[in-house]
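A.B. asks: Chain by chain, the residues run as shown.
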Amino acid sequence: MSVSELHYLSVGKLSELISTKKLSPVELTEACLHRVEATESRLNSFITPPGDEALAAARKAEKEITKGEYKGPLHGIPFAQKDLFHVEGMRNTCGSKILDRFVADRDSTVVSRLKNAGAIIFGKTNLHQFAFGPTGLNADYGHMHNPWDVGRLAGGSSGGSGSAVASGQCPLATGTDTGGSVRIPASLCGISGIKPTYGRVSRYGVEPLAWTLDHPGPMARTVEDCAIALQSMAGYDPKDPATSKQEVPDYRESLTGKVKGLRIGVPEEYWQSPVDPRVRASVEEALGVFKKIGATVKKVSWPMYKHSATISTPLIYAEATAYHRDQLLKRGREYDPSIRWRLEVGLFITAEDYLTALRAREAYNQETLGLLKDVDLLVGPTEPVVAPLIEATDLRVNGVPIGAIGALTQYTRPFNITGFPALSVPCGFVEGLPVGLQLAGRPFDEATVLNTGYSYQQATDWHERRPPI
Amino acid sequence: MPEGPKISKHDFLKLAALNGLDTSDGEHMDEVYKHYTEFMGVIEQLRKLDLGDVEPSNIFSPARE
Chain A
113 MSVSELHYLS VGKLSELIST KKLSPVELTE ACLHRVEATE SRLNSFITPP GDEALAAARK
173 AEKEITKGEY KGPLHGIPFA QKDLFHVEGM RNTCGSKILD RFVADRDSTV VSRLKNAGAI
233 IFGKTNLHQF AFGPTGLNAD YGHMHNPWDV GRLAGGSSGG SGSAVASGQC PLATGTDTGG
293 SVRIPASLCG ISGIKPTYGR VSRYGVEPLA WTLDHPGPMA RTVEDCAIAL QSMAGYDPKD
353 PATSKQEVPD YRESLTGKVK GLRIGVPEEY WQSPVDPRVR ASVEEALGVF KKIGATVKKV
413 SWPMYKHSAT ISTPLIYAEA TAYHRDQLLK RGREYDPSIR WRLEVGLFIT AEDYLTALRA
473 REAYNQETLG LLKDVDLLVG PTEPVVAPLI EATDLRVNGV PIGAIGALTQ YTRPFNITGF
533 PALSVPCGFV EGLPVGLQLA GRPFDEATVL NTGYSYQQAT DWHERRPPI
Chain B
105 MPEGPKISKH DFLKLAALNG LDTSDGEHMD EVYKHYTEFM GVIEQLRKLD LGDVEPSNIF
165 SPARE
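Protein chains in written order, with the working numbering: chain A, 113 to 581; chain B, 105 to 169.
Same shape as in the complex, but just chain B:
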C-alpha cells in the first residue's frame, strides 16, 4: 500500500484514545500506526478519483441502470 499523509504518532495516539482504544501497549500501537499510515495512502488514492459525474447514492444495488 502507498503511504498516506503523515500525522504524527503523538496526534495519532490522541485520536486513538478518543476512539476508545487502549493505547497502553506501545508495541501494538506502533503496529496500528504503521497500518494506519499505509491505509491513509489508500484513502488518498480514493480522494483523487474523479467522481464529479457520479450521482451520490445512499443505497447499494447491483442492478441499477
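The shape of chain A in the complex, shown without the other chains:
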C-alpha cells in the first residue's frame, strides 16, 4: 500500500488492517512522519513534532500485536496531543514561551487512557496561546495554517490539531474546547470534532483555561473515528471531581446510520446573528439531507441564546485570571497582548458578578434543556464564515465588521455554557473552503449526536474531500 493511501485512511479502516496484521503500526507511523516532513513547513501544526519516541511506541505496538495482544481499534494508531495535555517526559508549553522549558512529569488521564488503548502518542500540536483564542494565531511558536489555503486561519484554539488531522499528518488528535476550540478548527479545516458533555472526559493533567467551561475532546476526519477515540477518552476519573459516573455507552455500536423519527430543531436566533449567506445555504442544504433520510426539521425559539456572550465572558475571564494571576503579575509582558489585557480585565471582576453569571448560566441551561424536550438535537452552522485570511484584522459578513472572537464563537460557546455535547462535521464548501455543521444534543447523549453526524456522513461525501496541500 502506498504512503499516499495510508495517511488519509480512516481509523476504522486502519484498525481493521492492523488487527489482521496486514498493516504494521511502524509502517503507518512512518507514513505519518513522512507526511509531517512533507507538509509541516507550510502548516506549523506542531510545537513538538513527533519523532523517535513515536517510532519506538509503534515498534512496541507491533510486538504486542504480533504476540496476539491486540488491544482494540486505537492500537498502533498515531494520535497527536494538543500541547495542553501532559505527556510524561514531553514538553508542555501551552503555546507560550513562558512554559517553553516545562516538561510534564506524569500523563494526563486522557493520555494515560490512550496509551493503555495502545495509541501512539504522536507529538504535541500547536495552539492559540494558553488556549485563549479562536484564531490559531501564535506569535511565540508561529501561526497555524489552514491546509485548504495556507494563507488562511486554521482556527483555534486547537488549530494545530485541526490542520494536522485535515492534512493527513495523523488520523487523530486531541483538542480542548472552552468556547469552541475543538469545533472551530474542525469547521475551518473541514474535519469532524466533538466537544463531549462536561464531565464526560477527565480534565486531569490538561492545563485549564476556565475550569467550568473546559472540555477535552477528539478531532478526526470522520464521525466514526471520533466515536472510536471518545470511547477510550471518556469515563469517570477520581482525579477530576467534575467527571460523571454515568455509564459510557458503546459509541461505535450506536452508529446505526438511521435517523428516522429524529427531531431536529433549528434555533431561529441563529439566523439573526451575522452569517455568510453562502454558509447558511450549505447548512440549509444539510437540513434537507436530514429530511431525506427520515428526520424532521423544525424551527425553534431560544431566547437566552442572545445572552451567550454576556454569561460566558465573565466566567471565562474570572476563571482564566484566577488560574494565571501569579504568573500574570510577574510576567505579564511575556503574554500575547490580546491575552494579557483579557486576563488583566479579569482582575476587576467581583465575586458578585461571577456568581450572577453562574446563576444566569443555570437559567440558560434550564431553557436549553426545555428546548431539548421538544427536539432531539439543535442544529445550525458551526461558524458564520469560512476560514478568514491570516492577515485579516477583522471579520466581515456582507461588509459589516463582526469582530473575530465574537463571530468565531457565536454558535459554539452556548454549548460550553450548558456543557451539552456538540459535534462539528463538514457540510459544504464556499470558494474551496469548508463549511461546518454543528449538531448539539442532550447532556451525556453523545451517542445520538454521533449517530446523527455519522448518518449525515453516510449520505454525503464532504468529509472525503482532501485539501490541496
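Simulated from the structure, these hints should not be mistaken for laboratory data.
Where is the CB? At the ideal position from N, CA and C, for every residue including glycine.
Keep in mind that the hints are not guaranteed to be accurate.
[Claimed, not checked] Non-contacting residues of chain B with respect to chain A, defined by C-beta distances greater than 10 Å in every case (computed):
#1 LYS110
#2 LYS113
#3 LEU117
[To be verified] Straight-line distance between alpha carbons at most 20 Å, and here's what the computed EDC-like set of lysine to aspartate or glutamate pairs gives:
#4 B/LYS152 x A/GLU479
#5 A/LYS442 x B/ASP154
#6 A/LYS411 x B/ASP154
#7 B/LYS152 x A/ASP465
#8 B/LYS110 x A/GLU474
#9 B/LYS152 x A/GLU464
#10 A/LYS418 x B/ASP126
#11 B/LYS110 x A/ASP465
#12 B/LYS152 x A/GLU474
We have chain A; now place chain B onto it with these hints.
C.D. replies: Using the frame of chain A, we list chain B on its own:
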C-alpha cells in the same frame, strides 16, 4: 461590546495598582482601561437579567433537572 458605567481613568489606575498590576506603562494601561470599560458594558447587561426565579447554585452540572 457596549460601554459600561464609567469610572475615571484615575480611579481605574488606583484599582489596578491595588490589584497588583504594574501601572507604569501608560500606553498599555490606556489599552486595558479601554477594554475594561467595554467589559463593564457586558457586566451591566448581566446585571439586568431577571434571575429572580433561578435558584442560586454553587456547583455546575450540565444535567441538573
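A.B. asks: Look at each hint and say if it fits the structure.
C.D. replies: Each hint, compared with the structure:
1. At roughly 14 Å, the least C-beta separation between B/LYS110 and chain A is larger than 10 Å, which holds for a residue marked as non-interface.
2. Look at B/LYS113: its CB is around 14 Å from the nearest CB on chain A, clear of 10 Å, so calling it non-interface holds up.
3. The beta carbon of B/LEU117 sits about 12 Å from the closest Cβ of chain A, which is more than 10 Å, so the claim that it is off the interface holds.
4. Our distance criterion of 20 Å between C-alpha atoms is met by B/LYS152 and A/GLU479, whose separation comes to about 18 Å.
5. For the hint pairing A/LYS442 with B/ASP154, the CA-to-CA distance comes to about 39 Å; that exceeds 20 Å, so the pair is violated.
6. Between A/LYS411 and B/ASP154 the CA atoms are separated by roughly 26 Å; this puts the pair beyond 20 Å, and the hint is violated.
7. For the hint pairing B/LYS152 with A/ASP465, the CA-to-CA distance comes to about 11 Å; that is within 20 Å, so the pair holds.
8. For the given pair, B/LYS110 sits about 29 Å from A/GLU474 by alpha-carbon distance, which is inconsistent with the 20 Å threshold.
9. Between B/LYS152 and A/GLU464, the direct Cα distance comes to roughly 14 Å. Compliance with the 20 Å bound is thereby established for this hinted pair.
10. Under the criterion of a C-alpha separation no larger than 20 Å, the hint pairing A/LYS418 with B/ASP126 is inconsistent with the structure, at around 36 Å.
11. For the suggested pair B/LYS110 and A/ASP465, the alpha carbons sit about 17 Å apart, so the restraint of at most 20 Å is met.
12. Between B/LYS152 and A/GLU474 the CA atoms are separated by roughly 16 Å; this keeps the pair inside 20 Å, and the hint holds.
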